[in-house]
Amino acid sequence: MKSLFLAGTALAGLTFGASAALAAEKSAVLANYANIAEAKYQDSLATAQLLKTAVDALVAHPSAENLHAARAAWIAARVPYQQSEVFRFGNAIVDDWEGKVNAWPLDEGLIDYVDASYGGPSEENTLAALNVIANPSFELSGKAVDAAKITPELLESALHEADGVEANVATGYHAIEFLLWGQDLNGTGHGAGGRPWTDYAEGDACTNGNCGRRGDYLQAATDLLISDLEWMAAQWGAEGDARTALLADEDAGITAMLTGMGSLSYGEQAGERMRLGLMLNDPEEEHDCFSDNTHNSHYYDGLGVQNVYLGEYVRVNGELVSGPSLSDLVAEKDAELDAEMRGKLADTMLALGRIKTAAEAGLSYDQMLAQGNAAGEALVMGGINGLIGQTRSIERVVTTLDLDGVAIEGSDSLDNPSAVFQ
Amino acid sequence: MRALALTLALTAAPVAASELSSSITDKLILPAFEELAADSRTLARAAQADCDPQSGALRAAYGEAFDAWIAASHYRFGPTETDSRAFALAFWPDSRSKTPKALAGLIRSEDAGIKDPAKFASYSIASRGFYALEFLLYDPQLSTAGTPEYRCALTRAVSTDIAATSKAISADWQQSYAAELRAPGSRYQTEDEITQELFKTLTTGLQVLDGMRLGRPLGTYQKPRPNRAEARRSGRSLRHVLVSLNALEPLAVALAEGHADLQEKITAGFAKARTKAEALDDPVFAGVSDPAGRFRIESLQQEIKDLHTLMREDLGPALGVAAGFNALDGD
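Read top to bottom, the protein sequences are chains V and D.
Following UniProt numbering, the numbering of the first sequence begins with 1 at its first residue and continues without gaps.
Following UniProt numbering, the numbering of the second sequence begins with 1 at its first residue and continues without gaps.
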């Protein structure tokens, strides 16, 4: 296996030692944050390249082993990516781009065959059961679309968010996840999607039809993921737009950091992703619903938030990126609040760790959502309460750091709240 | 509009924060939830008396109780969040049609668990609350699906559950949370944090009006979404905008206590929005699909955006608090 870091480049900017003796400068805190962002997107890219190697092997030589290897590569690729989600809110450039790589939830019938229980087109989405893999041409908003060749261009331009419906997710991690696992038909019972490797087999061995087109789709989606991640990693480089925008105004930059932490913790993770799924008792509401990898998705999202406050990130090769942090800034002004904030973040990680522990021991996240599963509900509520609790402390940090008169870019909900509470 | 204002001002409001929050608690919040509890109790009784979806008494009681919820729904903290009670009363928007699916599932299987209120309280929020009841009373398919006996039992179960949830929220406010809001303690560390909670309630309420109640059906010019109008089956979409404006205005005015100029601007802004809403004559925003109708709905939306801007840029700084985070953050 080729080294993960062939593709990596040296981090832009300076590397700061974790020197607590010096007063933390906002500019240094921002530079460290940008370095961590760059490292996370580089790691996401490197692990996506390993995913591509595995996907190519599956398509070239379909087998149970190669499907298993591709799934394992996908799960590994999620580790750095989920930790980067905290950059979404607060950094407009990330938020505008994010839908291409991590949109969720999706009406997967757009992409491939689905079980009869899925139903057909819905009131909200007439394309919910389009099945591009089975249909080399179809009509979209009254226009004929030629899908004889499945290319990154087709997925990105014609299909993704087709008809203006966000559930038409044609690209990104979750589209790939669906192609590797298939629908999870176990409801709130144990077990993930059970797509057979023969969905990629050649000739008579092919199951569920159109195996060649399915392989084309999987490869096109993976290629697109890579080019999207390449682009984002570059935005955080020395001259990249994301870094430049962040550093342009110190107070705005610090506010962006805190916006990302608060918006991801509260509205996004505690609200939409966790509590709603729990209250609906609905396995479709779990974030990584095909692979049953949701426990990791939540855990690494939470870790990303903690990373930003502590100013540190462990790369996929084990290297630690760290430097001056928000924690340093807060401690100088109010040591008690810093301790409170650290404590709250640690509490959340403990609670999310409990979910992960139970899931890895066999109680998958969708089982926790089952009606009447009091223990599962308590685990998930523990995570939610941790996230809500830490948001209050983040608000206190905003107040204490006196970020005067700053308007921030990038909380998608503010110009498109339609997706909220879904 | 992409700006989340975390505006902090240096000046303190002339009215002591605790006085402000005590007055808002007593005059606005407690009465709103008492009303909700009372109207929901009436709704549950009406369903017991006559569960026919066409029943005038039941529909009237439903409308009253739903109004009461809309008028209280922006106080989305504390007692409404305990046990996710607000979600249990009001699961909307439902972009993947979970509510009709959940109700159809119950009716098809004649699930007997609905007859036990404690058990029903653990059911999916998609089958509970005001939006589920709307399907049972007004949706052509679901109001006639399965047997009348089972539908009747389900209508009663949902109504009883709404009453129990509303009662629990009101009781919590009376017994414990009102005290939290009157003075700093365990939940809020400073008076500013209390003020911030109330301010956030107001701005979030306006955001829901703008982005969800109006923004969802508006969709885009190329792709309007009339089917996404809130509670369109019962013809309540526009009504919810008015009820909400009427409930948010006194809160805004109260928060601006001591700032006469600002209070005047607030009253004028709400009056403009209300006038436009009242003139619409389009109960379910069907007009989003034609240019003239759309223009008038967008113009109402603009008034609400302007109100939001006024709160963020004038009221927030006057109170010396930041907008903070709300449940609408995220995507």
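Everything labelled a hint here was simulated from the structure, so no lab data went into it.
For each residue, glycine too, the CB sits at the ideal point set by N, CA and C.
You may find that some hints are simply not true.
[Stated by the list, open to error] Which chain D residues face chain V? A few, computed with CB under 7 Å, are given here: (1) P148; (2) K167; (3) N227; (4) A322.
[Unchecked claim] Stretch by stretch, here's where chain D covers chain V in the computed footprint (C-beta under 8 Å, at least three residues): (5) 37–46; (6) 278–284; (7) 315–327.
[Stated by the list, open to error] Using C-beta positions, here's what the derived DEER-type ranges look like: (8) V:A339 to D:R45: 47 to 57 Å; (9) V:A375 to D:A112: 40 to 50 Å; (10) D:Q302 to V:S141: 55 to 65 Å.
How the hints compare with the structure:
Hint status for D:P148: violated, given a least beta-carbon distance of 26 Å to chain V, over 7 Å. Restraint check, D:K167 versus chain V: the minimum CB separation of about 19 Å is more than 7 Å; hint violated. The interface hint given for D:N227 holds, since its Cβ lies 6 Å from the closest Cβ of chain V, which is under the 7 Å cut-off. The closest approach between the C-beta of D:A322 and any C-beta of chain V is roughly 6 Å, which is under the 7 Å cut-off, so the hint is satisfied.
Three residues within the 8 Å Cβ limit are the bar, and the segment 37–46 of chain V against chain D gives 0, so the coverage statement is violated. Coverage of a stretch by a chain is defined here by at least three residues with a beta carbon nearer than 8 Å to that chain's beta carbons; for the segment 278–284 of chain V and chain D the count is 6, and the condition holds. Counting residues of the segment 315–327 of chain V whose beta-carbon sits less than 8 Å from any beta-carbon of chain D gives 0, not enough to reach three: the coverage restraint is violated. Checked against the hint of 47 to 57 Å, the C-beta distance between V:A339 and D:R45 comes to roughly 52 Å, which is consistent with it.
In this structure the hint that V:A375 and D:A112 lie 40 to 50 Å apart at CB is violated, the actual value being about 25 Å. Distance hint check: the CB atoms of D:Q302 and V:S141 are about 28 Å apart, inconsistent with the given range 55 to 65 Å.
Checked against the numbered hints given earlier, this structure breaks hints 1, 2, 5, 7, 9 and 10; the rest are met.
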